[in-house]
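**Student:** Starting from the known structure of chain A, arrange chain B on it as the hints suggest.
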Amino acid sequence: MNQTSDIERRTLTLNRLFDAPRDLVWAAWTESEHIAHWWGPAGMKTKIKKHDFTEGGEWEYTLQMPNGQDFISYGTYSKITPRERIETTANFIPMTEGVTLIALFEDDGDQTAFTFKVIHPTEAYCKQQEEMGFYNGWGSVFEGLNTYLGTI
Amino acid sequence: MRRDVFQAIADPIRRDIIDLLADAPRTVNEVADRFDVSRPAISKHIKILTECGLVQMMQKGRERHCVIIPQELSRVSQWVSQHRPLWEQKLDTFEAYLKEIKSKTNNDESDK
Numbered sequence: 001m002n003q004t005s006d007i008e009r010r011t012l013t014l015n016r017l018f019d020a021p022r023d024l025v026w027a028a029w030t031e032s033e034h035i036a037h038w039w040g041p042a043g044m045k046t047k048i049k050k051h052d053f054t055e056g057g058e059w060e061y062t063l064q065m066p067n068g069q070d071f072i073s074y075g076t077y078s079k080i081t082p083r084e085r086i087e088t089t090a091n092f093i094p095m096t097e098g099v100t101l102i103a104l105f106e107d108d109g110d111q112t113a114f115t116f117k118v119i120h121p122t123e124a125y126c127k128q129q130e131e132m133g134f135y136n137g138w139g140s141v142f143e144g145l146n147t148y149l150g151t152i
Numbered sequence: 153m154r155r156d157v158f159q160a161i162a163d164p165i166r167r168d169i170i171d172l173l174a175d176a177p178r179t180v181n182e183v184a185d186r187f188d189v190s191r192p193a194i195s196k197h198i199k200i201l202t203e204c205g206l207v208q209m210m211q212k213g214r215e216r217h218c219v220i221i222p223q224e225l226s227r228v229s230q231w232v233s234q235h236r237p238l239w240e241q242k243l244d245t246f247e248a249y250l251k252e253i254k255s256k257t258n259n260d261e262s263d264k
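Chain order of the listed sequences is A and B.
Residues 1 to 152 in our numbering are what the first sequence spells out, letter by letter.
Residues 153 to 264 in our numbering are what the second sequence spells out, letter by letter.
The following block holds chain A by itself, in its conformation from the complex (with noise of 0.2 Å):
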């Protein structure tokens, strides 16, 4: 039956032109060094723990908090067609898991449309929803992180 629309109830798109060419731009999404400078919030190194740009390969990076704690992202790519599209599982430690990221990467003149799709499993729905709480608190972490930013 219906499959779409129960993906796209799940599925949060976003949209961007970037003004570089794709060559520059699927190199910056791609690099781990380049990875480590934006993955984090503006101005915070990420730790590259694995990357492994190949299908099947595996990517985790790490960014320490100013609590201390540490915040996990990992996750293994599925498919990969260079210059185009990736697709990877992803998992966020302590806030979201099992989704599914897909970055899709077009020519738009001398600039570079960019896709992105955050794919959200349904039953990840239910666990998240007892620790909206949680969430709640990790997003003031982010917010604190941001301020603390702003004054370095």
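If you're looking for bench data, these hints aren't it; they were derived computationally from the structure.
Small disclaimer: the values here were computed from a predicted structure and weren't measured.
In this text, a Cβ means the ideal position worked out from N, Cα and C, and glycines have one as well.
Since no wrong hints were added, every one of them can be taken at face value.
Derived coverage of chain B by chain A (criterion: at least 3 residues anywhere in the stretch with Cβ under 8 Å from a Cβ of chain A; other residues may be distant): (1) 235-241; (2) 245-251.
Away from chain B, derived, C-beta distances all over 10 Å, residues of chain A: (3) G56; (4) E60; (5) D70; (6) Y77; (7) K79; (8) N91; (9) E97; (10) G98; (11) D107.
Covered by chain B, according to a simulated footprint, are these stretches of chain A (three or more residues, beta-carbon under 8 Å): (12) 13-22; (13) 30-39.
**Tutor:** What follows is chain B alone, placed relative to chain A:
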């Protein structure tokens, strides 16, 4: 046990039942006819859907119809959209970094 809309949509058969009922109200038998699973299994799914507040049973003459309550479903998209600011923020940081390396590449080229 606490039930909510997220539990309702956690099961693929329940998602299909929701799609079916979104089309038109149906009796439990009419719903069961559409699936390869047993009628008691369908009854159980419908019971869970009513407990989640997504489906209501309504008497219509001699028949009882399952009717969808669509307002509850909107909570799912609301939940998904709560994550938007975090991702927008990440893409903002990415875009700023992109600008930085792009100007660096341009400078390198003009140095040559």
